[in-house]
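*Asks:* Protein chains in written order, with the numbering used here: chain U, 1 to 394; chain X, 395 to 788; chain A, 789 to 911; chain B, 912 to 1034.
FYI, nobody ran anything at the bench for these hints, they're computed from the structure.
Any given hint might turn out to be false.
What the hints assert, rightly or not - Sample of chain A residues facing chain U (criterion: CB under 8 Å; computed from the structure): (1) Leu-809; (2) Ala-812; (3) Asn-813; (4) Lys-822; (5) Phe-846; (6) Gly-847; (7) Ile-852; (8) Glu-860; (9) Ala-881; (10) Gly-884.
We treat Cβ as the ideally placed atom computed from N, Cα and C, and that holds for glycine.
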Amino acid sequence: MIYADNAATTKMSDAAIDVMLTHIKENYGNPSSLYEFGQKAKEVLEEARTDVARVINAQPEEILFTSGGSEADNQAILSAAELGRKQGKLHIISTAFEHHAVLHTLEKLKKQGFEITLLDVHEDGLIRPSEVEAAINDNTCLVTVMYANNEIGTIQPIKEIGEICHRKKVLFHTDAVQAIGHVPVDVVAENIDMLSASSHKFHGPKGVGFLYARKGIALTNLIEGGAQERGKRAGTENVPGIAAMATALKEICSKMEKNTAHVKALRDRIIKGLEEIPHSILNGDAQKRLPSNINFCFEGIEGESLLLLLDDKGIQASSGSACTSGSLDPSHVLLAIGRVHDVAHGSLRLSLGEDLSETDADYIIKSVREVVEYLRSFSPVWRDLSSGKIKHLL
Amino acid sequence: MIYADNAATTKMSDAAIDVMLTHIKENYGNPSSLYEFGQKAKEVLEEARTDVARVINAQPEEILFTSGGSEADNQAILSAAELGRKQGKLHIISTAFEHHAVLHTLEKLKKQGFEITLLDVHEDGLIRPSEVEAAINDNTCLVTVMYANNEIGTIQPIKEIGEICHRKKVLFHTDAVQAIGHVPVDVVAENIDMLSASSHKFHGPKGVGFLYARKGIALTNLIEGGAQERGKRAGTENVPGIAAMATALKEICSKMEKNTAHVKALRDRIIKGLEEIPHSILNGDAQKRLPSNINFCFEGIEGESLLLLLDDKGIQASSGSACTSGSLDPSHVLLAIGRVHDVAHGSLRLSLGEDLSETDADYIIKSVREVVEYLRSFSPVWRDLSSGKIKHLL
Amino acid sequence: MALYSEKVMDHFRNPRNLGVLEDANAIGEVGNAKCGDIMKMYLKIEDDMVKDVKFETFGCGSAIASSSMATEMIKGKPLSEVEKLTNKAVTEALDGLPTHKIHCSVLAEQAIKSALEDYRSKK
Amino acid sequence: MALYSEKVMDHFRNPRNLGVLEDANAIGEVGNAKCGDIMKMYLKIEDDMVKDVKFETFGCGSAIASSSMATEMIKGKPLSEVEKLTNKAVTEALDGLPTHKIHCSVLAEQAIKSALEDYRSKK
Ligand SMILES: Cc1ncc(COP(=O)(O)O)c(C=O)c1O
Ligand SMILES: Cc1ncc(COP(=O)(O)O)c(C=O)c1O
C-alpha cells in the first residue's frame, strides 16, 4: 500500500502511540482533581502546552486545546466576530478557497449581518497581499487566510498579510491545519494573531487540535461548561491525546528539514512524470506549495474512477471530483483557481508521506499514466476532444 | 491506590484500549475517503454508531459523535433553543444543580433573551415531576434535567418527566453523562428526545462522547465545516476513539447487573460506616442514587485538607469545597439541596469503581473516620461547636 | 460495507462491451461533462433485436458499472424488452448503488432510450 | 508540579505548633467558616518576645501549612520582628503558593496581627 493521502489524515507515529498509551494507563486522572494523581495529569497537560507553544514560537498560555482543526477555526472566527460586533465592525475578509470549517462559519456570520469579502486566489492559488490591503476598510474586524491550501497545497504570503493586518490594526487568523509540522511557522515573526491546527495531519491522534490566540485576545467560548482551558473551552481534557499530539509535533518538527528535502524531491519527480501526460495541468504554483502536495487535472476523465483504479493498484489518493464529495459540484478550490467544471472533475491529489521511496514515486507515475490512458480509451469526452469535435481546454 | 473518583473520570478498559490501538494502527484512513482503506474506517465508525444506539434503544442515525459530554450538552440545548426561537418560544426549564455545561449554556441563552426556570431540587436531590408540569407554559421550548447528578448521584424521575414533556409537546433533553453505562437507559421507554453522554465516564477514552437526538429533531451545528456526522458536526472523525467508546460501553452494559449488585453493596456499607461519624450527613436520597455514589458533609472540617490526607493514605476522592474548585463558593449542587456554606465546605464525594473490594471499602471507612477526627482535633470551628459556643447544624 | 457492492466493482473493473461499435445503427449519448457523467451507447439493431452493443463512459465508478451492466441486460434482447429496461432493474442487477449514485443508473436507462430514439428517427 | 510545594506539604502533613496554648495571653482569630477558612493563633508573650505559640485551623491544605509556617517564623522572636511578618514572607518560606491560595498566607499574617492587638488591648 502506498498511502498518498496524507492531507486527508496521517498515520500516528510510534512515539505518539507510546505516549498516548502510557498516559492512558498511568495518568488517567482528571487534571482538575487535586490529589497527586490528578495533578500528574495536569502536569502532562501543561508540558504538552509548552511543547506545542514552543514549536510555533508562542507562549504556553496562548495555546488552547480543542477537538481538532474545525473546532479551532470555528472558535477563532466567532471570537473575532464577537470582538468586531462590540466595536460595530462587521466586515470580514477571507479567501474563496478556504476550508469549509472557515467558509461555513463565515456563511453563518453573513446570516447574522456580517459582510464577507472573499479574495480572489488567482490561477496560481496565491493571495496577493496588495489585494488584502485594498479590501480592508474601517469596518474590518478580521482577516482569515489559510496558511496552505488543503487541496492544491499553495502556501500563502502569511508574513506579508500579517504585516498589513498589524499595520491596519485588524485581527489576523490563519487556518494552518495543513502547514503545521510541514513548514516552519512562527507566529511572532509572521504577525499571526490566531492560528488553527489539527493533530491528525502531522501523525498525532485524531480528535485533537489546538488554537493559538495571542495574549490579550478575548476568546468566545464555543463549548460552555467547566473551567478547563482557562475557562475558554469546557470538557474534561483528553490528556493522552493532547500529550500524543505534542509528541508527534515535536517529532515531525525535529525532522522537518530532512523530510522537506526528501519529500520535495519526490514531489517534483512525480510532477515531472505526470506533466508528460498530454492535456494535463498542475494545479497551484509549482514552487510555493507544500513539499508533499501534488494536484493535477487530466482532461477527459473523471476523478472517482481514477481513484478507484489507483486503489486497485495499491495507491490511496484523493480528488476534487463532485462524485468523491457527494455533492454536485467539483471542488470549490479548483473552481476558485479558474478550473471549469469539466476539467475540475478530472482532478487528482497526491499528498506524500515522509516515508515514500523513489521506487514508490516511480510506481505512482507509471500507475497514474496507465489509468489515465485507460480511462481516456473509452471516454466519449476524450474521443470528442481527440477528434476535434470539442476544443481542448488544457 | 484506591481510586474512588470515578465520577470525575475512569480508567480505560483493556478491551477499549485494544480496539483503539487496532484502529490507530490498521484503520487510520479518513472515513470520507473513497478508497477501500477509508471505507473500512467508515465501516468501523458506523458499527460503533449501531452499537451505541442499541445500548440506549435508539436508531443509529439518531447518534451524533462529539468530543465529549460538554459539547453534547451545548449542542442539544442550543439546538432546542434555535427551534424554540423559530416558534417564538423562549422559555427553558432546567434544575438548579445541573452540570456547568448545561447551566452556562443556559446563562448564554438568558443573555439572548431566553427566560430560564431552574427547578428546586429539594433536600433529597430529587426533582418533582409535578413541579416540571407546573413550570411548563406555552412558551416553553425545552426541559433539560440531568439523569443522575454528578456530585450527589441522585437519579431523577426521567421517565415521568419525559411523559409530561411528551404530553405537553415540549422537547426533553437529559444530561446522562453520569448515568450511561451505570444504570439502564431506554430513550424510547423514558420519552427522551435528546441525551448527552461522555465516554471517559464509562471506561472509554477521553475526548469522545455522543449526543442522541430523536429522528426529526433538527440539530444546530456547534462546529461548522465538513459534512461529517450527516452535516451536523464537522471535523475528521476520531474513529479509534469512537470505536473504543462503543467497546467500553458494550462491555460495561453487559456487566451492569453484576456491577450494580457489587458496587451498591459496598456503597451502602461505606455509607453505614460513615454515618457513624457524629455530625455528618449523607447528601442526596439514600436509595435513588447511582450505585457508585457516596457524598457526605462533615461538620467542622474543610474538604480540601480531607482530600489531601486521604490521598496520603492512597485514596483518591473529591469534594465540593470551594478550595477544590478554585472559586470562592462551595459546590452549587450542595447549596441547591440546602447545605449552608459552612457545611458544604466539609464535603466528600466517593465514586466507586467496579473493582473495589470489601477490604478497600473498610479501609475507606477507617481512613475517612481517622482523617475527619484528626482535622476536627485542631479545628477552631469544631471547638466552638463542641463547646456549645455555636450550634451544630448537622 | 465498501463504497460499492462486489457486482459494481466487478463491472467497473471489468466492463463488459466496452468500446465503439463501428457498425452501430443506433447511438445514444446522455449527460454532460460539466456534471461529470457522459454515457454513449452504440447499438446494432437487427430484426427488432439488439444484436450487439458497446458503450463509452466518462464518469465515476458507478457510471461505468451501470453502463456495463445495462449493455449486458439488453444484448441479444428484443426491442420490446429493451424499451422496458428501467434504472431500477439496473440498480438491482448491480446489487444496489449508494443513494447519491442512483442517477448513474438513470443515465444508463436514458442512454439506451436515446439510442432507440435515434434508431426510430432514422427509420 | 504538584498542587503544592514540598514545603507546603511538609507543613500540612506535620504541622508545627498545633493545638491550644492553655496559658496564652494573646489570641487572634480570623476568617469565617462560610468562606472555608478560620485560623486561630495562641501566643504566649513575655518580655516583648513570643515565648510560645500554637494554632488551630479550619481550612484547606495551604491554610494549615501557612499557619504552621507562620508560628515557626514568630516563635522565640521579639515583637518588633513579629509585627513585621508579612504574608509575602510566609509564602516565600513555603516556597510559594498557588495564586488562588495566597489569601491563606494573608490570613496567617492577619491572625498574628489580631493576636498582637488582643495582647495590647489587654495591657
Ligand atoms: C453530569 C455531567 N455533565 C457533563 C459533563 C461534561 O463531560 P465532559 O467533561 O466529558 O465534557 C460531566 C463531567 O464532567 C458531568 O458529570
Ligand atoms: C485546511 C484545513 N482546515 C481545517 C481542517 C479541519 O480539520 P479537522 O478535520 O481535524 O477538524 C482541515 C482538514 O480536514 C484542513 O485541511
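*Asks:* Hint by hint, where does the structure go against what was stated? Just the numbers, ascending.
*Replies:* 1, 2, 3, 8, 9, 10
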